[in-house]
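Knowing the structure of chain A, use the given hints to seat chain B on it.
Number of protein chains: 2
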Amino acid sequence: MKEFQLIEHYFRDHGLNRRDVELGIGDDCAIVLPAEGKSLAISCDTLVENVHFLSEIPASALGYKSLAVNLSDLASMGAEPAWMTLALTMPEVNEEWLTQFSQGLFEAAEYYGVSLVGGDTTRGPLSITVTIHGQVPHGKALTRAGANNGDWIYVTGTLGDSALGLDILLGKQEVSSDYKGYLINRHYNPTPRVLAGQALRSLASSAIDLSDGLISDIQHILKASSVGAIIDVDAIPLSTSMLESVDKDKALSYALTGGEDYELLFTVPEAQRGAIDTALLHAGVKFVKIGQICPGDKLKLVQDGQPYQIEQNGFEHF
Amino acid sequence: MKEFQLIEHYFRDHGLNRRDVELGIGDDCAIVLPAEGKSLAISCDTLVENVHFLSEIPASALGYKSLAVNLSDLASMGAEPAWMTLALTMPEVNEEWLTQFSQGLFEAAEYYGVSLVGGDTTRGPLSITVTIHGQVPHGKALTRAGANNGDWIYVTGTLGDSALGLDILLGKQEVSSDYKGYLINRHYNPTPRVLAGQALRSLASSAIDLSDGLISDIQHILKASSVGAIIDVDAIPLSTSMLESVDKDKALSYALTGGEDYELLFTVPEAQRGAIDTALLHAGVKFVKIGQICPGDKLKLVQDGQPYQIEQNGFEHF
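Just so you know, the protein sequences line up as chains A and B, in that order.
Following the UniProt record's numbering, the residues of the first sequence are numbered contiguously, the last one being 318.
Following the UniProt record's numbering, the residues of the second sequence are numbered contiguously, the last one being 318.
If you are wondering where the hints come from, they were derived from the structure by calculation, not from laboratory data.
Just so we're clear, the structure is a prediction, and the values are computed from it rather than from any experiment.
Hints are supplied without guarantee of correctness; some may be wrong.
Reference listing, derived: stretches of chain B covered by chain A, where coverage requires no fewer than 3 residues with Cβ under 8 Å from a Cβ of chain A [as the list claims (entries may be wrong)]:
(1) 25-31
(2) 73-81
(3) 116-129
(4) 133-141
Don't be surprised by glycine CBs; every beta carbon is placed ideally from N, CA and C.
Only chain A is shown next, with the shape it has when bound in the complex:
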């Protein structure tokens, strides 16, 4: 146990020290000071070796990604990142691994303004649970409910890159070395759309982050909002690396069913459409309209006005 208690010193006096942290790591609890007029957004995600990540993942990428996937949950609610706890279970103490893991973690934490305020390090099969805390003005959180008939559907970034990156890592796809690095990086180091989420708070009617793939994730919005949707697959944003590596139908299959993009999908009422460009100007990410909310409860994919049949390539969320 002693050995594992020592690990805490890897995390204790590092990283960002927010002024609203009254007491950080080192006591029975952390004490933080929530901002007045704001609600608290809380989310937690566990990453288990050989279930959520390959054993080969660089430790720094794993540290970064452990926080990034949680930040993406805050982004989809329009919340501002604040504090995190880290539960790290490891089979053994590996100082080299810990150095790189904590570097990756703190890189993301500092960039997005998160203080690590507590955690637990234990011996066991490799697994990481991050609980993230963000703040959002009262009543302004974006949810999955709220999409209305006629609202436009948007996504940020490009879709499918992470899934293609994973297939490259698994040896299921070969791509030119010109694109390989980009695609693998999109899998290892996804960019949570934190600023975009905040910018959308008063404009979007619903939002979700894309973790399991567009087709799967949009169902949550349709169900929570009691609506249907129609998506023009030709409008789905695809990266150059994707388009140069696989044919169009394969690319769309990655984009529609591939997981771990961590882009935002959101809906916008017609009246707010003009305001989106300005609002997202400083969010550092492109976004594009891919469809529209319609009556019913189904998702329809179309191409050139005809129903689109997705290529079954057997892709599974890792």
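This is chain B only, laid out in the frame that chain A set:
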């Protein structure tokens, strides 16, 4: 993955629904409303099978204990329990096990006023991480720092029962059937001293919960407060079950070095000593003075005014 998503329904619409939970399980984040004038206390603990608990532990006890050990951290800060997240990693979906685990968890959650607001269920080796959130008036959190020379040292309840209970389970100790159930229950179902912690907020100068054993845990107070301590081992509260099961030195060994009692150890200035009885009247737990804070940085154990040599029985925190 689908199978595991279904598990969320075991936890989603069950248990307490606090009025300050604006949005519970089911979106990307939970949204809760912190109380004005209060700070937020956050702690997380991971329990790993065969590291922190025996495989034989009943699922309901594991569910209860997963929350109880976290509530104990809130108790030691004087915080009022509010919200929790649960990261549950399981090798397979076992409905019987899940039913019992969630029953035990919600039993503790409802009793202590905690809403489960989020979590993640994943496939992998059995492991549970709970992140607990409590609230405490600004500046009133009890910490490990703050003990001063002359302050009196108190503990709640009786010590060592949990460690003896574990040794019974491990077959290392045999005890009469009159006491076996009580001792095993003290190991499986520890009682976090939540009300006592809150009652001590304006009275105690420091506090900690006893998770690793008195000798180990008090060091955190001595270090954080830059003081020493003297403890009269004959003042240490021992249960009848303990005293009837093992000899006095063995009992003291359990009490001093045994882990997982989850009682509170706290220090009280002489000026506040008279107020303690009244403050703890409704906390539902006995407490007793076992020593005093002194200059230096060492812990001294005494019996009849002489240094006490602890019996080395090789007990190790499981």
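Quick rundown of the hints versus the structure:
1. Residues of the stretch 25-31 of chain B lying with their CB closer than 8 Å to a CB of chain A number 6, which satisfies the three-residue condition for coverage.
2. For a cut-off of 8 Å, the count of residues in the stretch 73-81 of chain B with a CB near a CB of chain A stands at 5, and the three-residue condition holds.
3. With 10 residues carrying a beta carbon less than 8 Å from a beta carbon of chain A, the stretch 116-129 of chain B meets the three-residue requirement, and the given coverage holds.
4. Check result for the stretch 133-141 of chain B against chain A: holds, 5 residues qualifying (beta carbon to beta carbon below 8 Å, three or more required).
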